[in-house]
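Engineer: Here the structure of chain H is known, so what remains is to put chains L and D in place on it, guided by the hints.
Residue numbers (my numbering), protein chains in the order written: chain H, 10 to 269; chain L, 10 to 269; chain D, 10 to 269.
Source of the hints: derived by calculation from the structure; they are not laboratory data. Mixed in with the good hints there might be a few duds.
Note that identical chains are pooled: a pair holds if it fits in a single copy or bridges any two copies.
[What the hints assert, rightly or not] Result set (SDA-like, lysine to any residue): computed pairs, CA atoms no more than 20 Å apart in a straight line: (1) K81 with H129; (2) K81 with A144; (3) K81 with A66; (4) K81 with D109; (5) K81 with S164.
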Amino acid sequence: MWSCDRIRIPVCGHNRVVIILFTDFGLAGPYTGQMQAILHQQAPGIPVVSLFADLPAFDIEAAAYLLPAHGKGFPPGSVFLCVVDPGVGGARPGVVVQADGRWYVGPNEGLFALVARRAHQASCWQLPQPDGASASFHGRDVFAPVAARLARGGSVPGEAVDPACLDRPGWPDELWRVAYIDHYGNAMTGLRAGAVDPGAQLLIGEQVLPRARTFSDMPAGAAFWYENANALVEIAVNRGRADSLPGIRVGTPVTLQVRS
Amino acid sequence: MWSCDRIRIPVCGHNRVVIILFTDFGLAGPYTGQMQAILHQQAPGIPVVSLFADLPAFDIEAAAYLLPAHGKGFPPGSVFLCVVDPGVGGARPGVVVQADGRWYVGPNEGLFALVARRAHQASCWQLPQPDGASASFHGRDVFAPVAARLARGGSVPGEAVDPACLDRPGWPDELWRVAYIDHYGNAMTGLRAGAVDPGAQLLIGEQVLPRARTFSDMPAGAAFWYENANALVEIAVNRGRADSLPGIRVGTPVTLQVRS
Amino acid sequence: MWSCDRIRIPVCGHNRVVIILFTDFGLAGPYTGQMQAILHQQAPGIPVVSLFADLPAFDIEAAAYLLPAHGKGFPPGSVFLCVVDPGVGGARPGVVVQADGRWYVGPNEGLFALVARRAHQASCWQLPQPDGASASFHGRDVFAPVAARLARGGSVPGEAVDPACLDRPGWPDELWRVAYIDHYGNAMTGLRAGAVDPGAQLLIGEQVLPRARTFSDMPAGAAFWYENANALVEIAVNRGRADSLPGIRVGTPVTLQVRS
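Chain H with its partners taken away, still in its complex shape:
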């Protein structure tokens, strides 16, 4: 995973499998807990980490761009259980994806489009329509048992299909909008910082924002953009909240400021 060269922490010889939850289920309520219970029962001893429980509700596109940015630190064998599923109970198929050695399980409504598009190697399996599952909670009844099975090293259920079915050809390579607002009010975009000239200024709402390396390089109260710890462009205000700037919310477009 991430490493810090100078401190030179020895990483354990065996990379332990971790199951990672990536959902819009919300922090509240029983849904994450019910999935965790299945995972602990069916994959004993394997840690379960909730990475996002509060992805923007039903916003598959935002989730699809956040997933590769947050997944790339995880070692091969990691299992991502991903559910943003407005179509639950309908005909949309469930899939298993293997991309660069990591596993992804969830509904195929676009959620894995960018993971698959950016992978060096990707495979895909389509899960059968479940008979015994509830109509409204496939995360618990379908996808969690599959994730547990993969984490245990079991065989992939379902039928191999062309991973091209994962892509959404109309979706761009970068998502030029706010994809998530965090606890501090920082506005995370779906735009990789590597795709933007470091000297560029960004325009969001009526704000023109310079780039900074990090918070402490800016005066208190100043708005800026920076490359966040997951290599995405993020809008922030040092010791303030970017989401209190006018018009900044999930969905707000970000563009390059063209110099006149």
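Structural biologist: Just chains L and D, lined up with the frame of chain H:
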């Protein structure tokens, strides 16, 4: 636990014990973490899952009807640590309940009434009044150590008493009101779907609601009731929020619409 | 850890190490999960508990007084990963602290001042400035790997320094203000109850508050102060919310009411 017949996931031979937290402590703050720390210390290697940390505060009745609905998927040996406890520090006794092979630990103020009433077999033990515990956090100081002990297979502390002490005779078999509003704005009731004719319409506030199988069977924006993944009646709006309908909040009564 | 004498729960012979998270990262978003993933990878089999994820944002002083109050129940060998870090990316050093046998890891901006000041024995090591870390997420990239290493029993990285560098000499021994508001609206102060005469009345805003042993000793709706389960002075209202009293929020001063 839940299974999905067609995918035929092999469940592990040994059902692992899981400790399940079921509280109104809130997601924020140290309380759930302090209980988890005790459990990890005193029951090493046993997973702890927070099922609900945000039950409606002090609403024992709502919790009492949500508990059996959310507990029935768990295998025998599971230990539920349940705390909705407005009377903490007073004279109300703590209890251990064994119902259909599952364990429940918490204050006896009605929380286990429906679990006990609906069980094929129920036993109850009353815990002694604790001497060394804080006056305000029996979840950590009294109930968590007992839950850890039960999860480890230890003997039941306390004195066997008649499980009739758990019931609240005045409480109905179904709770005809909203018991919980989830992250999506869905309004979960304490009413089992099996107790309602599938063709029935429900009346909540001034809304008359038809039944649907699931979200994707309804047009966007339409309100309906359905049997949720825990077999309870739930009020929902496809791609919308039921809690933005007038008057829908925890406590709002639900009734059968009588055809005129 | 905490024990309850009369129930006499046998504590396991081996005190298991637990890693405890103590941050202002918020419950939402990926930050706690990303740290947990590192910890599970690099310290396999060691439980990770989130004690606080919602400390008042950037309020190092409040966190510094809450830390010893919430840490004292944990056994020697416990590892606290503590991040309230408005200066992330700047020149402030990271430290490892050993105080009365417990480990603490995080940025040295005052967070460990009270832990060190109150300890019978304290040692301190300064971490090198990291080269490979992100500029904005040292919790994940610097401090979590160190916490994992300490939990595994590894040697302390960094250079031993005088623990006097941890203190903030201008800070008082007790924090006479609200340091945290919990889910129920209770206002936790940074003031140890043992420092206040049990017969004292406290003044907060325009309220004069008597002491009570616990909630159920007061009539519904009555405001009072009490010694909470972590030995801090807390302002509460029986079956009500202290944070709906006028002017009570994080930062509100509390004083002794002087009898006239």
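Engineer: Could you place K81 and D109 in one of the four classes (within, between, both, neither) given a Cα distance threshold of 20 Å?
Structural biologist: For K81 and D109, the Cα distance is within 20 Å only inside one copy (9 Å; across copies 39 Å).
Engineer: What label fits K81 with H129 when the C-alpha limit is 20 Å: within, between, both, or neither?
Structural biologist: Only inside one copy: K81 and H129 sit 12 Å apart there, 44 Å across copies, limit 20 Å.
Engineer: Cα distance capped at 20 Å. Does K81 pair with A66 within a copy, between copies, both, or neither?
Structural biologist: neither (23 Å within a copy, 28 Å between copies)
Engineer: If the cutoff is 20 Å on CA atoms, where do K81 and S164 land: within, between, both or neither? Let me know, please.
Structural biologist: This pair counts as neither: shortest intra-copy Cα distance 23 Å, inter-copy 29 Å.
Engineer: Under a CA distance limit of 20 Å, which applies to K81 and A144: within one copy, between copies, both, or neither?
Structural biologist: The answer is between: 18 Å across copies meets 20 Å, while 32 Å in one copy does not.
Against the hints set out earlier in the document, violations occur for numbers 3 and 5.
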